[in-house]
Each structure stands twice: as C-alpha cells, then as structure tokens.
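Colleague: Chains as they are written, first to last, in the numbering used here: chain S, 2 to 525; chain A, 2 to 525.
Simulated from the structure, these hints should not be mistaken for laboratory data.
Check each hint, because a few of them may be wrong.
If several chains are the same, the list does not tell them apart, and a pair holds so long as it fits within one copy or across any two.
[Claimed, not checked] Within a straight-line C-alpha distance of at most 30 Å, the following computed DSSO-like cross-link-like pairs (lysine-lysine) qualify: (1) Lys397 <-> Lys456; (2) Lys470 <-> Lys158; (3) Lys425 <-> Lys262; (4) Lys370 <-> Lys57; (5) Lys57 <-> Lys397; (6) Lys397 <-> Lys158.
Computed from a predicted structure; not experimentally measured.
There are 2 protein chains.
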Amino acid sequence: MSAQPTSIEIFDTTLRDGLQVEGVTATVDDKLRIAEQLDYLGVHFIEGGWPGANPKDIEFFERASRELTLSSSTFVAFGSTRRPRGRSDDDPTLRHLLDAQTSAVCIVAKSWDYHVTEALQTTLDEGEAMIADSVRFLTGEGRRVLVDMEHFFDGFKNNPEFAFRALEAAIVNGATHVVLCDTNGGSLPHEVESIVGQVRTHVGDDVTIGIHCHDDTGCAVANSMAAVRAGARHVQGTLNGLGERTGNANLTTIIPNLQLKQDYLCLPDGRMERLTVVSHRIAETLNRAVNPQAPYVGSSAFAHKAGLHVSAIKRARDAYEHVDPTSVGNGTRFVVSEMAGRATIQIKAEAIGIDLDGPAINQVIDDLKRLEHEGYQFEAADASLELLMRRATGWKQDFFRIESMRVITDEHADAPFSTEATVKVWVGDERHVHTAEGNGPVNAIDSALRRAVGKAYPQVGRVHLTDYKVRILDGGEATGAVTRVLLTATDGVSDWTTIGVSPNIIEASWRALEESIVYGLLRG
Amino acid sequence: MSAQPTSIEIFDTTLRDGLQVEGVTATVDDKLRIAEQLDYLGVHFIEGGWPGANPKDIEFFERASRELTLSSSTFVAFGSTRRPRGRSDDDPTLRHLLDAQTSAVCIVAKSWDYHVTEALQTTLDEGEAMIADSVRFLTGEGRRVLVDMEHFFDGFKNNPEFAFRALEAAIVNGATHVVLCDTNGGSLPHEVESIVGQVRTHVGDDVTIGIHCHDDTGCAVANSMAAVRAGARHVQGTLNGLGERTGNANLTTIIPNLQLKQDYLCLPDGRMERLTVVSHRIAETLNRAVNPQAPYVGSSAFAHKAGLHVSAIKRARDAYEHVDPTSVGNGTRFVVSEMAGRATIQIKAEAIGIDLDGPAINQVIDDLKRLEHEGYQFEAADASLELLMRRATGWKQDFFRIESMRVITDEHADAPFSTEATVKVWVGDERHVHTAEGNGPVNAIDSALRRAVGKAYPQVGRVHLTDYKVRILDGGEATGAVTRVLLTATDGVSDWTTIGVSPNIIEASWRALEESIVYGLLRG
Numbered sequence: 002m003s004a005q006p007t008s009i010e011i012f013d014t015t016l017r018d019g020l021q022v023e024g025v026t027a028t029v030d031d032k033l034r035i036a037e038q039l040d041y042l043g044v045h046f047i048e049g050g051w052p053g054a055n056p057k058d059i060e061f062f063e064r065a066s067r068e069l070t071l072s073s074s075t076f077v078a079f080g081s082t083r084r085p086r087g088r089s090d091d092d093p094t095l096r097h098l099l100d101a102q103t104s105a106v107c108i109v110a111k112s113w114d115y116h117v118t119e120a121l122q123t124t125l126d127e128g129e130a131m132i133a134d135s136v137r138f139l140t141g142e143g144r145r146v147l148v149d150m151e152h153f154f155d156g157f158k159n160n161p162e163f164a165f166r167a168l169e170a171a172i173v174n175g176a177t178h179v180v181l182c183d184t185n186g187g188s189l190p191h192e193v194e195s196i197v198g199q200v201r202t203h204v205g206d207d208v209t210i211g212i213h214c215h216d217d218t219g220c221a222v223a224n225s226m227a228a229v230r231a232g233a234r235h236v237q238g239t240l241n242g243l244g245e246r247t248g249n250a251n252l253t254t255i256i257p258n259l260q261l262k263q264d265y266l267c268l269p270d271g272r273m274e275r276l277t278v279v280s281h282r283i284a285e286t287l288n289r290a291v292n293p294q295a296p297y298v299g300s301s302a303f304a305h306k307a308g309l310h311v312s313a314i315k316r317a318r319d320a321y322e323h324v325d326p327t328s329v330g331n332g333t334r335f336v337v338s339e340m341a342g343r344a345t346i347q348i349k350a351e352a353i354g355i356d357l358d359g360p361a362i363n364q365v366i367d368d369l370k371r372l373e374h375e376g377y378q379f380e381a382a383d384a385s386l387e388l389l390m391r392r393a394t395g396w397k398q399d400f401f402r403i404e405s406m407r408v409i410t411d412e413h414a415d416a417p418f419s420t421e422a423t424v425k426v427w428v429g430d431e432r433h434v435h436t437a438e439g440n441g442p443v444n445a446i447d448s449a450l451r452r453a454v455g456k457a458y459p460q461v462g463r464v465h466l467t468d469y470k471v472r473i474l475d476g477g478e479a480t481g482a483v484t485r486v487l488l489t490a491t492d493g494v495s496d497w498t499t500i501g502v503s504p505n506i507i508e509a510s511w512r513a514l515e516e517s518i519v520y521g522l523l524r525g
Numbered sequence: 002m003s004a005q006p007t008s009i010e011i012f013d014t015t016l017r018d019g020l021q022v023e024g025v026t027a028t029v030d031d032k033l034r035i036a037e038q039l040d041y042l043g044v045h046f047i048e049g050g051w052p053g054a055n056p057k058d059i060e061f062f063e064r065a066s067r068e069l070t071l072s073s074s075t076f077v078a079f080g081s082t083r084r085p086r087g088r089s090d091d092d093p094t095l096r097h098l099l100d101a102q103t104s105a106v107c108i109v110a111k112s113w114d115y116h117v118t119e120a121l122q123t124t125l126d127e128g129e130a131m132i133a134d135s136v137r138f139l140t141g142e143g144r145r146v147l148v149d150m151e152h153f154f155d156g157f158k159n160n161p162e163f164a165f166r167a168l169e170a171a172i173v174n175g176a177t178h179v180v181l182c183d184t185n186g187g188s189l190p191h192e193v194e195s196i197v198g199q200v201r202t203h204v205g206d207d208v209t210i211g212i213h214c215h216d217d218t219g220c221a222v223a224n225s226m227a228a229v230r231a232g233a234r235h236v237q238g239t240l241n242g243l244g245e246r247t248g249n250a251n252l253t254t255i256i257p258n259l260q261l262k263q264d265y266l267c268l269p270d271g272r273m274e275r276l277t278v279v280s281h282r283i284a285e286t287l288n289r290a291v292n293p294q295a296p297y298v299g300s301s302a303f304a305h306k307a308g309l310h311v312s313a314i315k316r317a318r319d320a321y322e323h324v325d326p327t328s329v330g331n332g333t334r335f336v337v338s339e340m341a342g343r344a345t346i347q348i349k350a351e352a353i354g355i356d357l358d359g360p361a362i363n364q365v366i367d368d369l370k371r372l373e374h375e376g377y378q379f380e381a382a383d384a385s386l387e388l389l390m391r392r393a394t395g396w397k398q399d400f401f402r403i404e405s406m407r408v409i410t411d412e413h414a415d416a417p418f419s420t421e422a423t424v425k426v427w428v429g430d431e432r433h434v435h436t437a438e439g440n441g442p443v444n445a446i447d448s449a450l451r452r453a454v455g456k457a458y459p460q461v462g463r464v465h466l467t468d469y470k471v472r473i474l475d476g477g478e479a480t481g482a483v484t485r486v487l488l489t490a491t492d493g494v495s496d497w498t499t500i501g502v503s504p505n506i507i508e509a510s511w512r513a514l515e516e517s518i519v520y521g522l523l524r525g
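In isolation and in its complexed conformation, chain S is listed as follows (with noise of 0.2 Å):
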C-alpha cells in the first residue's frame, strides 16, 4: 500500500466539446471563468476550443495567455489534420492551431476506413498521410501534439489493420498522445476494454493511450475506466458531462471514481473537495442546472428521503454512503417531505434550532402533506420550511401587514412596456403606501414592498433578491396550470429561499416575496 499510486492525466474538453450542447452558449467571459475553474481543481490540460472553427476562440486564447496565470494546468488548442491533398505549411487549420499559441494541440484525425473513404472522400494513403505530415508539422513547430483517434472503436471493429496504420502515423511522427474516441457513442465496456488492451500490447510504452468516450449507451464512465484497466493513463471529458446528443464522458464521476476507489491519482492533493464547488460555479456559468441526480456532486446524491433509513443513518453513516460526502466537498442532506418519517423533521428542526413538541410535530407533518398536494415543495425551500414549522409552535409574523398590492403592466404601440406596483402595508398603526416600477411584475413588487416596509425596518435595504425560478406543474392546462415560484435571497451574509404556488404567477411570486422578507427580518 506504500507503493506510489499511478497518475491518470485529466483532459478537460468542457470548453471545446462540452459546448456542443443543445442549448448552451458561451462568451469568452465564460469561458475565462470556466478555464479558472479548472484550474482551480487542478485538471492536467484545458482544451480551450477549436480556434480554425471558431473565431471566438483565437480571442478566447489571447486573453487567457494575458489575462490568466495557471497553477496546475496546460492550455490546449483544438483542431484537425490538414486537408486530404494538401500540404501542412499552408493549411488554414493547422495554421490556426500555430495561432492559439498554446504548447500543446489535440488534432482530431480519421482512424475509421469508412470515414476516410466516404466522408474524406480519398484513399486510405492519404488519410494516413494526412497524420503523418500534420503531426510532424506540428512537432516541427515545436508542439507537443495528442491526436484523437475519430471513431476509433467503430473503425477498430471494421478494419482494425487500417486504424493500427492511423495510431502508427501519429507515433512515429512525434505525437506524445493516441486518443482512442468513442465518437459515435456506441460502445459497451467489455469492448472498449478489450481493444484498448490490444492497442496497448501493440504500441507498447512508445505513447501515451487516451481515452474519449460519449454517453450515448449510458456507459461513458464505465467506458472510461474499463480504458484506464486496459492501460489508458489518459482521460478525456467534460464537467457534469456536458457535451453534444447524450453528453461526454462526465469527469465529475470519472475523477473521483478512479482516485477514491482505485487509488489512481487524478488531481494534485487537496483538490477532490472542490469538485462539487466547481460543478456548480461552472453550471451556474453557462445557466444550466446540475442535475440533482449527479453523482458525487449532485444536490440529491447524499440526500436521504425513505423514513426508514434516516435514525439508521445517523447511527452508521459509512453503512448508508459509498464515500464520505465531504472528500468531493458534498455533504449528507436529510429530506423533508410528505414521506418523511417523525425522526425527519425532528432532525431538522433541531439542525434549524427549533423545539418541537408532539403536538406540533403533527401540525408539521399535515401541514406538509396539505401542501405538497397543493404543489409546494420544501426540499429546496428551506427558509419556508423554517417559517412553517415556527406557525407550527404557535408564532406568527408580526413585522408587517399587507392592506392591498396591485400591479399594472402595459404596452401602447411603439411606446416601450411598462410596470408599476402600488403596494400598502400597516407596520403597528403606521401605514405605508409605496409605487414603484420594475422591468417585471416581480421586480415591481419586490421594489414596492422593499420600500414600504423598508420605512419602519431600514434592514431590508440590505437584503435582495439573488434567484428567482418558475416551474408550471402540471403544463397540460397551459396557464391554467399552478406555478410554483422560488425565490432566493441574500443579506449579504447567508442566502434563503422560499416558496409560493398559486395558478397565479403573481400571486405565487408575492407569497414567496413576502415570506422572503419576513424570513430576513427574522434573522434581524
């Protein structure tokens, strides 16, 4: 066990293939932000994006050589073998990939007969010349060049002669990497470890083998490692998986399934407890939620809802969860809901500081289910729950009362919309009338009612609205349908969210606001 633990190279593709998502976008702020991320986990290499393709990402080059200082990784710029029947030194790709300016560059080449044949539309010698020059072209120039093998295992499983003769090309030419793609997404674990296994027999200690799997069979993580068993020392993906159809193999699993449970070492020393930290910050980048499914990272993968496990977790933690949730800087979550046992709520209201007795245990556990039937949902809404379950000892707000709101939104031909709010609310036997505009409803009334109550309890001038999320349930009547608003907000110091459902998005949206504001006067 003293022996040293053999080191995987982690090969981020988020900004390159990972962009390839339906429904993703990036600017060059982005991708700054995602590259320091990734940085900041201690990935090997970073492929930055596609600089012959893309414009954007010559840009996005410049600015990262001037802008960032990376500690733990190597930039790599992304392209594709010369075209069939050219030369390498006037090659308007290779000649973008010199531009990037990066020490290493991945070049994509054909390892599948068919595709040099049908899509190249040449002849088997060219395709291998095509990797042959492009790769001693680039090693010329002074690169470190990996060359992805384009549908490796689809073009190993019809010809496997020509695919040894495309992984010879870039050998003997200099490239330090062969990246075996599984372009098509195909593959099933006991092949990729079988062929990659007979690759490494073939080319020995000479490269280094690589490893490119998409998800399309569900099995991109388990691809990946049957790979690294074979013999891959070098794994290429994307954060949270993201990427083109079923995504790329997702690093945010691969990573601490080969370091946590095969003593393989992927990241330097003290970096795996960033990893849900920095799924996050990169989801939130591009807007788009990580799933909460998501292994190791995932709101919901240390989430314990069945009533039955919660008093048996707490006595055993180990018996219940496959690693410690903190190693990937996740942690254990106790679910409230309408199947949750007494001892659920009884563990959060003592998490949240609140005695709750018998009695009001009950109230809690009705309240609850009465309102899940309605649409509400208080996983996500904890400062609601917390209300909830003080109306449940007998409190109740005595900060503010509503008289009335009312908001106008309009729009005359060619004039810009707008809306305004009229918000009227009593403090004691004060009362308070505030108007005031917004781009939005919300905006407006949250300006309104900020304002009006903000008089008598000038705290709420530091308290604003961070998040906001819609979700229709149950779409099938369109917009007659219940719509169920959460809310998130900050004073600075710690964040809440709340919750309202109504078939009014309106109304849904106040309740939550009002339950937002009541919930950081509270905190005082």
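For this one, chain S is given, so just place chain A on it according to the hints.
Modeller: Okay, now just chain A, sitting in the frame of chain S:
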C-alpha cells in the same frame, strides 16, 4: 446466429423505488396510468408498491386488480422479511404483503452482516432465520417469492460467508429469484462481474440471479450489464432512472443496450419501438421532464448540432448514429442554432416548405445570431423559427395590428387575487377592444387577445394553449434577469411552439402569444 436469444427478465420498480426520487409524488391514479404504460412497453414484472409502508399502495393493488388488464406484465408487491425475534404468521409486514393479493412478492433481506448486527441489533443466526421463515411462509401461502438481497455487494466484500448463508436461506425455502442489490450504489463494473460470477458458481441453476443497482458511481447501467455477463438473468431498475439519490439503474438505457447490441431478449416483439413514448408519458405523469441528454429516448439523443457533421450525416446515417433511432421510437434531429451551418438551415427550410435563396439564408443566420445572443433559443420553438424564416423572405403578418395591451393584478386584504387584461387591436380598418379576466396574467391576456382577434377570425376559437414554460436566464440578477417563455398551442390537429424573451415576463409571454396566434392563422 439462428440460436434462440437468451431472455432477460425486466423487473420495473418505478412505482416503488423510483418514487423515492426527490420532488416527486404520485397519486394512485398516476400510478395506475404508469402501470398501464409499463405493461404497454412489455416489462415482465411491475413492482407496484410497498403496502406495509404506504397505505395508499393497498388501494393501488386493489384498484389495479379491478381496473387494469395486463397483457405482458405481472404485478409484484414489495415488503421485507419478518421482524427480528418475531413470527412470520403474525408479522404485520408479511400480512400486508398477502393483502396485496399479487401472485408474486418481493421481500428485502439483509445480507450484509453489519446491518444485521447493527441496524437490526440481532444475531447473524436470527438474520438468517428471518429470511428462511419469511420465504417459507410466503411460498406456503402460494406466492412466488423474489428476495432482494440488500447491500449484497458491500456485504459480500465484508463477510462472504454470511452473504452466502443469506442466499441459501432464501433458495432452500423456495425463493425463485435472489436479487443482488448494490444498495449504496458504490460498486464498479469489474467488482459486480466478479461477485455475480462467484454467486453463479455457488448457486448453479437452482434459482434465477437478479441484479438491482443504483447510480452513485455513474455505473448503474454498466453494473447491470456486467451482472448479465456473469450470469444474471433478471434486471431490476426504473424507467428514466428515477430513484433516491442518484437514481436506480435506468431501464430505458439497459433494455436497448441488451437487446439491440447484445442479442438478449428483454421485451416482446414489436415493443422496443414504444420505448421513447413510454419514457415520455411516464415523465409527464410525474410532471418531470425527460433529461434531453438521456440515451436512446432523450430529445438530444440523436440531435446533431455541429455544422461539420450535418451534411455528412445526410450521406451516411449509420456512420454517425450508434443505432437506428427509429428502433427505439426516437428520430434524428438537426438542430438549428448560431453554430448551425448553411446546410442545416437549408435542410430545415426545405422540411418546412420554405424556399430560401442565398440572401435570405444570410438574413436567417444573422437573425439567429442576434436573437440567440438576446436569449432566444429556436431549438424547441419551431413555429417561431418558421415565422423568422418567412420574414427573411420579405413576408409580414397582416392579420392584425396591436394598439395596446394592459394587464392589472391586484389583491386587497382577504379578497381573492384578481387579474384582468384589456387588449385593443386593429383588423384592417376595424378596431376591436376586449377585456377579459384570468387566473393569472398570461391567461388573461390570452383570453383578451383571442376574443379581440376572434371577431374577425373565428378560427382562432379552435386554437388553445396546451403548455407554458418559463425559464429565467442568468438568474444571478434575479428578477432583473431575462425571462424566456415557450408557449405551445394546438388547433386539435397539430401543435406548435413559439418563444418570447424579455426582462419583463409579461412582455415575453405577450410576444410568444402574438406569434402563436399568427401561426395559427397562417395554418388557416
């Protein structure tokens, strides 16, 4: 190749383990509708619930036996072994199991010594007796008995001798299946394959070996398949990978992996094509979108975005898709986006039936870039994309012209929320003014606009909204962020989706609504 394919039993636990997923609750009606879908798909077993833990599940089995006629599937009730130091014939859990009146039952048994001594606080002998007695009692009552061996893999690693005793207690007392559960979900494929192989050697052909995985290492699909390679012939999982924490093994992926890629037989003839529709119907019933990235059934599973590929895919589909999407009831999709090349837009326009010349294509590309930058996404909004393409050819809608719109929402202490909208439109020289109430602002402006336009175009009476989705983009600025609204409407013959984006949610909805009505009028 003419040999009979080996059958793998598919045991669906969506209605029991699947409902442990956070944020989901299901009524008895929902569960009946899901059971119908599972039978329509053709799974072997439907685990309907846990009558001992949830009284609603008794009602489910009662109504299922009266209301449903299953063509392919067998219902299974779930429970546990008898209590420690109790008797089987007066055990409430076993009694509830019998009350469910199913021909087959599945009971969970502890096979990790640690859980017997620590969680149950009893001896290993008693742990073994609990299994033996319970199985004997249930088979004596005429039930077919499956035993879920809880924490089997962790148990086997810690104390294989007790794990084998637990198996034998079930087998010698007449269990037809022993199902090896990776309850904490921490196992990796090579471990599963090795341990299932050892079990298979030990128990021989006396019993069917089943596998039950959770996705905590992102390997639930691969683990299930590794078990099948080692001799398991029964796979438990859920549709869409629903389940606690990271979810159960996703049958929607495992079934096509086994049947389309490995020649096992999982579903009756002709059922595989139902996979996508069943996956989506079940998701709808639970009001939970199917992950667009889900293998085989996701809306992105066979979507092609990169401009590079689209023209090549047109030439040789099987070089770019790992299976034929129609084999699982899905289809190839070419995605139009900022990154789309001219070829993609050309293909899309042809599909819609619009003739775009060169300058019009350039106009479309420019419009897409500008609008996607503002937050528009045309991937789901086909009707808005069509209108955009038509406008690029010089077309303008002349059905109606909007003069003004106003919507007012207000609340007075203790009076119900109310919303009314007033819309003024011109159709030719005629001015139409209409006011309508609604249960929310979108509902009110929809009613008012429809009535105002409907005087001149009675056909809009056939059109109504069926879905309304709201997404807040860049939630970091909260209610000051941009809102993206997608509206789906139908005229009873087909559906169409339009999009609106604005900082003001009412304006975004209003834009989508206007396009929705225009598109409906275009259809005639």
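Colleague: If a hint holds in the structure, say so; if it doesn't, say that too.
Modeller: Consistency of the hints with the structure:
no., hint, verdict
1, Lys397 <-> Lys456, "within (21 Å within a copy, 51 Å between copies)"
2, Lys470 <-> Lys158, "neither (48 Å within a copy, 45 Å between copies)"
3, Lys425 <-> Lys262, "neither (59 Å within a copy, 66 Å between copies)"
4, Lys370 <-> Lys57, "between (52 Å within a copy, 13 Å between copies)"
5, Lys57 <-> Lys397, "neither (56 Å within a copy, 34 Å between copies)"
6, Lys397 <-> Lys158, "neither (70 Å within a copy, 54 Å between copies)"
Of the numbered hints listed earlier, those contradicted by the structure are 2, 3, 5, 6.
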